[in-house]
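> So the sequence lines, in the order shown, correspond to chains A and B. Heads up: the first sequence begins at 1 in full-length UniProt numbering, then just goes up one per residue. Heads up: the second sequence begins at 1 in full-length UniProt numbering, then just goes up one per residue.
One or more of the hints may lead you astray.
All copies of an identical chain are treated as equivalent in the list; a pair is satisfied when it fits inside any one copy or across any two copies.
As the list claims (entries may be wrong) - The list that follows gives simulated cross-link-like pairs (lysine to aspartate or glutamate, EDC-like), each with its CA atoms no further than 16 Å apart:
hint, residue 1, residue 2
1, K24, D364
2, K163, E306
3, K28, E340
4, K24, E340
5, K110, D380
6, K28, E278
7, K20, D364
These aren't lab readings, by the way, just hints derived from the structure by calculation.
2 protein chains.
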Amino acid sequence: MVKTTADMNALLKDMGTAAKSAAKALRKSSTDAKNEALLAMAEALEENKSFILEENKKDMDHSREAGYQDAMVERLALNEARIDSMKDGLKQMAALADPIAKTQDQWVNKDGLRISKRSVPLGVIGIIYESRPNVTVDATGLCLKAGNSVILRGGKEAVNSNKALVKVLQEGLSKSSIPADSIQLITDPSRELAAEFMKFNEGLDCLIPRGGANLIQSVLKNATVPVIETGTGNCHLYVHEQADFEMAESILVNGKTQRPSVCNALETLLIDRSIAKEALPALTDALVQKGVIIHGDETVCSITDEAVAAEEEDYEKEYLGNEIAVKVVEDYEDAIGHIEKHSSGHSDAIITGSYEHAQNFLNDVDSAAVYVNASTRFTDGAEFGFGGEIGISTQKLHARGPMGLEALTSYKYVVEGMGQTKG
Amino acid sequence: MVKTTADMNALLKDMGTAAKSAAKALRKSSTDAKNEALLAMAEALEENKSFILEENKKDMDHSREAGYQDAMVERLALNEARIDSMKDGLKQMAALADPIAKTQDQWVNKDGLRISKRSVPLGVIGIIYESRPNVTVDATGLCLKAGNSVILRGGKEAVNSNKALVKVLQEGLSKSSIPADSIQLITDPSRELAAEFMKFNEGLDCLIPRGGANLIQSVLKNATVPVIETGTGNCHLYVHEQADFEMAESILVNGKTQRPSVCNALETLLIDRSIAKEALPALTDALVQKGVIIHGDETVCSITDEAVAAEEEDYEKEYLGNEIAVKVVEDYEDAIGHIEKHSSGHSDAIITGSYEHAQNFLNDVDSAAVYVNASTRFTDGAEFGFGGEIGISTQKLHARGPMGLEALTSYKYVVEGMGQTKG
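One chain only, chain A, in its complex shape (with noise of 0.2 Å):
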């Protein structure tokens, strides 16, 4: 199937226009009309199951005779459970507020004008994303919560089951007040309209990439629609001194193992020279225990024999798996100095009893979500409260950290006069 630009570009511009005018309805819709949408499209996930089953099984069948792995074909499975919390996931973001239609400020300028900051969707959200089919739905219903249209590019390995779903969704649409158009997926699996999709700024408001770092990389080098940056977490926990050793190593195990190769796992274990010999050991044992391999430095080496020699990459490794990074600093000095070099800016933490030490830690550490004494993996929407996640911010435009429902809106000024000009 080879098409060209004005191919692509024709597709896109007949996609954007749909969009658009969706998004023009969603911004009108009421917050009830928005939440009888969601249950709507709810209904007909339920109602449609062993349909969207059967296209998932194509996409599947396919993956294993192209060879894929286990844990890639895994990502793509569906089942009854999983179409469930995709079900689920919609009815709950139907009972969350809207961020919509609030007034965020207003006041009375020196002429007398009344400046209102009123919230407002964003319009038209693109989302780039790779084989989890779940993002389909979930994605689709916080935009839609918010007021938002989408355009959907998923990857080329789940095209029938991502199919499946947005003819599922947009039947549910249908039998609500929000047009179907508001969901748009493109079809076409080939590198070259991704490329022409993430430089449409005719028809997007922003584009947010969904997957691993090829990914993100490849949407922040090339796209010109504004993007936000997702997901890349090289976490530290540093072990300070003044630290509780049980806390410390119950932290680290659940940063490190509970769910290794999500963003918000830890990367990197720092521990004060104070306290490495009579803490370390208890420490990496219980990692060792839960089949992590340690790559230490030379000290960390020589006082366990359960550390393999660490290498200068492995501080810039986010290794998703069962591995960690284990090193000696000096001092907090040391570890800050590590921490500003090494982090990615997304979640990082430090243990210990010293209200000092823990109030320059919060100061001192530039990354999106801080933490004194708390595991990592507390980074995310459901956690924080947010209700959905579109995603985790690691840049410092627009949001950063977990993004609800209120990073995919912005703002207008509403400005009311008795005829005021400006002298």
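Using the hints, position chain B against chain A.
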């Protein structure tokens, strides 16, 4: 002066390292320290007027020799009054409230974690701008007040003025506790270096272009650093059938002629057919008396002989001069349709005595600033009461409309626990 990409990257890397280190100091600086730095910079401007004017004269001479237009040379020109105005700007910034170290929100999650959303600086801000040297001082002052360091890339025609201003500002900083490295200036005028600067993700947290449409488009197309788009204003005034005609005239003349070269000036007038015959002649007369050329549609040309026939592209134009497009619309819906199609989303206004149409207009028009019975010329940081303004955003991500100090900040989440792990 031919430079390799490696040379340029080395130059940027050095600047980036210095700016990042300064940003770290700025982030921790007290409000008083930042304000003292602003006042020290103001003082330094006062003390070095003759040096600045000498250097500025070089730029003016070069520009005249190069045959630049008078308007361009005029934009470059500094004089005592203009330096005083920059100086006063810095003093006013010192008096503004500090946008940093404010807790925007705080709550306890279901696990008992105390989560705070704290305002923080963006970090290092890149500014790409054209010939006006006052941007060097204004942008730097605002960035520093919000705790950010800056890397400036001004126009090549203003390079001596900018070098002089940065030298003087840095001298001011050296008498304060804020590092002089907080201000970095790219003096190499090449487009190649500008292109590398737009892709300097490693060193910049955000990039703000200030200038004409060509500059903005070039930055939007080429940057990989997160950009805040500023400044394109195709602004509309819609005179509704229930308008007060005198008010309409006064707001029209103000919007079009008070300062036609700026982005919040009016570019299109729409008027309801039912009142066109009665109201239009006085409106166009008032504009013609101010030297404005009227590009009217067929009906307009049939009502007044002061208009020339408008082409379709006139409705797309940002004239930034003494011209205006005028169109007779059938009714409110037709006016909204025209604005939706042609507005750049900057500022649009309705003149009406109808409560219903006023409210509908405020909801229906999706622009950064939407007005009832007031001039679009008020879309401005100072008029909105923000003190200074770094630009007017026409995108929806991060900041929209006039951007004051808050637009130069981000936030981080501070999470305080007592040993919590994720279950």
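> Indicate, hint by hint, whether the structure satisfies it.
Against the structure, the hints come out as follows:
1. Taking the closest pair of Cα atoms, K24 and D364 come within 16 Å of each other only across two copies (9 Å); inside a single copy the shortest separation is 43 Å, beyond that limit.
2. For a Cα distance limit of 16 Å, the shortest separation of K163 from E306 qualifies neither inside one copy, at 49 Å, nor across copies, at 57 Å.
3. In this homomeric assembly, K28 and E340 come within 16 Å of each other (Cα to Cα) only across copies, at 14 Å, whereas the closest approach inside a single copy is 45 Å.
4. Proximity of K24 to E340 under the C-alpha cut-off of 16 Å is restricted to the inter-copy arrangement: shortest distance 10 Å between copies versus 44 Å within a copy.
5. Taking identical chains as interchangeable, the C-alpha atoms of K110 and D380 lie at most 16 Å apart only when they sit on different chains, with a minimum of 13 Å there against 43 Å within one chain.
6. Taking CA atoms no more than 16 Å apart as the test, K28 paired with E278 passes in neither setting, with 63 Å inside one copy and 34 Å between copies.
7. Taking the closest pair of Cα atoms, K20 and D364 come within 16 Å of each other only across two copies (14 Å); inside a single copy the shortest separation is 43 Å, beyond that limit.
Hints 2 and 6 from the list above are not met by this structure, while the remaining hints are.
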